[in-house]
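2 protein chains.
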Amino acid sequence: MDRKRRAFLTEQNLDGLLFVGDSICDQDMYYLSRFLTTDRFTLLAADKIHLLVSSMEQGRASKESFADVVVNTTDFGIAEKLKASGKPEEAYLEVLREFLLEQGIKRLGLTNRFPAGIYSYLSRDFEITLLDSPVSRWRAVKTKEEIEAIKAVQKACEQALSLAVELISRSRPKGDYIYIDDCPLTSEMLRAVIEVALLERGCDAVDTIVAGGFAAADPHARGTGPLPANAPIVIDIFPRSRCSRYFADMTRTVLKGEASLEVEEMYDAVLDAQQTGLGAIRAGASGREVHSRVCQVFHDHGYPEREGKGFIHSTGHGVGLNIHERPSLGLAEDILEERNVVTVEPGLYYPEIGGIRLEDLAVVTAQGFENLTNFERRLVV
Amino acid sequence: MDRKRRAFLTEQNLDGLLFVGDSICDQDMYYLSRFLTTDRFTLLAADKIHLLVSSMEQGRASKESFADVVVNTTDFGIAEKLKASGKPEEAYLEVLREFLLEQGIKRLGLTNRFPAGIYSYLSRDFEITLLDSPVSRWRAVKTKEEIEAIKAVQKACEQALSLAVELISRSRPKGDYIYIDDCPLTSEMLRAVIEVALLERGCDAVDTIVAGGFAAADPHARGTGPLPANAPIVIDIFPRSRCSRYFADMTRTVLKGEASLEVEEMYDAVLDAQQTGLGAIRAGASGREVHSRVCQVFHDHGYPEREGKGFIHSTGHGVGLNIHERPSLGLAEDILEERNVVTVEPGLYYPEIGGIRLEDLAVVTAQGFENLTNFERRLVV
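If you read the sequences in order, they're chains A and B. FYI, this note's numbering numbers position 85 of the first sequence as 104, with every residue one higher than the one before it. FYI, this note's numbering numbers position 269 of the second sequence as 288, with every residue one higher than the one before it.
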């Protein structure tokens with residue numbers, strides 16, 4: 020990563036890349052520093068990685084981060100500046116300016132996501148280039164350690180999902196709903212089972228989707244209330260490790276009771292689309308091409324996308340420190356590279372029937388892919 | 020809030036305020052729309068609140084958000100634009116521009132945190148003013164409902180803390196550490212007890228501080244390993260409700276075994292400082308004045324701040340949808356208003372002794388404050 024960074028700076032004729040934000044929300048900052056904090060800090064990626072933090076954070080930043088140099092705002096007189104003006108943001112901007120001048124920075128790269136107010140302030144004294152984050156591009160190609168971290172979360176994901184599927188399998192259909200011991204099994208109950216299991220494995224899962232029946236026709240609906248009998252239930256889990264900060268992502272669709280021929284045929288089409296999507300993955304392929312093959316399968320099965328129904332989202336996305344990151348398997352022109360980690364998640368959605376989605380997580384290899392997902396695909400449980 | 024927004028737009032001569040981001044990270048966007056999503060979306064606060072989301076999010080946004088109008092990027096031809104260029108960001112920017120033109124927007128306000136790339140793009144066609152977020156100012160004054168939401172989290176916080184303090188109280192000091200059934204009680208064990216209790220109450224707590232002995236001299240150290248006997252243990256909890264999204268924040272310092280005279284005197288000084296800080300709170304007071312009184316108490320007790328030791332942080336901060344928000348009780352010139360919710364959290368830190376901090380959460384009232392914290396302050400447990 021040091022090599023990539025230095026090559027990029029030379030090629031773009033920049034003295035450094037600057038980031039201001041917090042590393043909970045800005046994954047580029049976490050990636051470059053491995054310093055996790057909810058409070059705003061400053062990161063300069065030049066020949067070395069520099070952090071500028073509050074004196075309160077100096078100790079933890081020095082201990083926990085991968086940065087080469089950690090300095091604090093107190094050493095740049097933030098308290099005196101703040102006492103003078105009473106304006107925290109002005110004091111910070113002055114400190115930032117002095118810090119950059121002290122590092123001999125003249126030509127500065129800022130990503131398109133950089134805060135506009137600070138960009139505007141720095142434009143007076145520095146020669147600034149706004150650019151797409153190269154760090155987000157670097158992040159798309161995972162190291163062996165990152166793949167191991169994602170695998171660990173994926174494993175926790177599967178264990179949590181198997182508890183949920185087991186409960187559905189043990190339930191009994193009666194009328195419109197499914198029951199455990201005369202109590203209707205709800206989205207909320209399954210979500211709790213999944214999220215507690217994940218927490219026990221050191222992972223946070225938020226907004227886990229457990230949606231059955233008509234509700235599942237909206238691919239982002241989380242689901243509420245009793246789960247239907249004889250209708251597909253979509254379970255989509257995307258937990259993040261509290262420790263490594265990496266995500267995993269997977270989806271299965273199951274049904275308790277009798278599947279209609281219509282639903283069975285939809286399931287088979289999704290299964291076929293997923294196999295085709297996975298089969299199209301290899302380093303050098305374009306995400307757009309993978310997506311277009313998946314669309315073709317749906318077309319061939321008699322499910323063309325029409326008026327917001329059918330296959331209404333892209334085939335997949337990169338997964339890492341963000342749940343949605345590069346590369347995209349959709350309409351964007353992203354070329355797959357070795358060690359990308361991507362989802363392949365075709366689905367079909369019809370308001371009058373419901374939704375069916377199958378999602379695996381895979382590592383792109385030179386010749387194809389390594390599937391990180393080890394969980395059976397079976398509709399009726 | 021509609022009234023405040025319209026008055027602000029008129030006063031600043033703006034047609035609208037624009038936000039682009041996700042509402043997990045941008046609390047202004049969540050506050051204005053109550054629409055929660057990890058994916059980037061667009062919010063225009065004009066006479067009405069408009070959301071521009073992907074077609075995937077249209078259903079959920081219409082159902083869950085407070086927005087007056089929800090439109091989607093598909094209706095602005097994002098798929099065709101993306102197919103033409105293969106560049107998602109370019110396609111989005113074109114859609115955004117068309118959306119703003121359709122709304123008749125000419126004079127646009129952007130906050131200083133707005134993404135610089137989009138700011139730069141929009142500058143060509145719109146008359147743009149960069150400004151401090153007025154929404155963050157509005158957020159500082161809570162409604163009755165918001166205060167109730169914070170109270171609920173604070174209550175969960177106290178219940179979790181009481182479990183932790185009870186465990187310490189039941190432990191036995193032996194040599195350097197404290198033990199439960201011959202097993203040393205660790206920071207990790209207490210953190211697990213606290214975080215599970217909070218999850219059971221619908222709250223997420225991340226980075227809860229349970230730090231004893233020398234480690235606690237760094238106010239942001241989370242703490243690891245066996246907890247010390249005869250030395251102060253700082254427990255700082257700041258959970259967020261998964262449902263309401265509001266935070267609470269509190270700290271207690273406890274000790275198992277024998278407290279040295281030195282530690283007892285430090286504790287008394289912190290207690291005195293906290294009472295003084297709380298006593299100085301009322302609508303119209305400046306946060307700076309409250310902070311300066313607290314500093315004076317430490318000075319009078321013989322603990323002047325010196326060389327990064329003693330009372331090395333500010334007295335408190337606002338709490339709401341962010342854990343740290345306005346107003347500040349520190350060096351900034353923030354004037355307290357009725358229905359601000361603020362922490363009062365003086366502390367003393369000496370590397371050779373450790374740390375002591377006491378933190379309550381209070382609502383600012385016309386005459387003083389309402390303390391939302393109901394938890395005893397006792398050093399030896």
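The reader is advised that the hints may include incorrect statements.
Which copy is meant is left open, because identical chains are indistinguishable; a pair holds if it fits in one copy or across any two.
[Said to hold, decoys possible] Simulated pairs of lysine to any residue, SDA-like, Cα-Cα distance not exceeding 20 Å: (1) Lys100 x Glu308; (2) Lys106 x Leu150; (3) Lys82 x Glu371; (4) Lys106 x Glu344.
Hints are computed from structural coordinates only; laboratory data are not their basis.
Exercise for the section: Find the hints from earlier in the document that the structure breaks and name them by number, from lowest to highest. Expected result: Nothing - there is no hint that the structure violates, so all of them hold.
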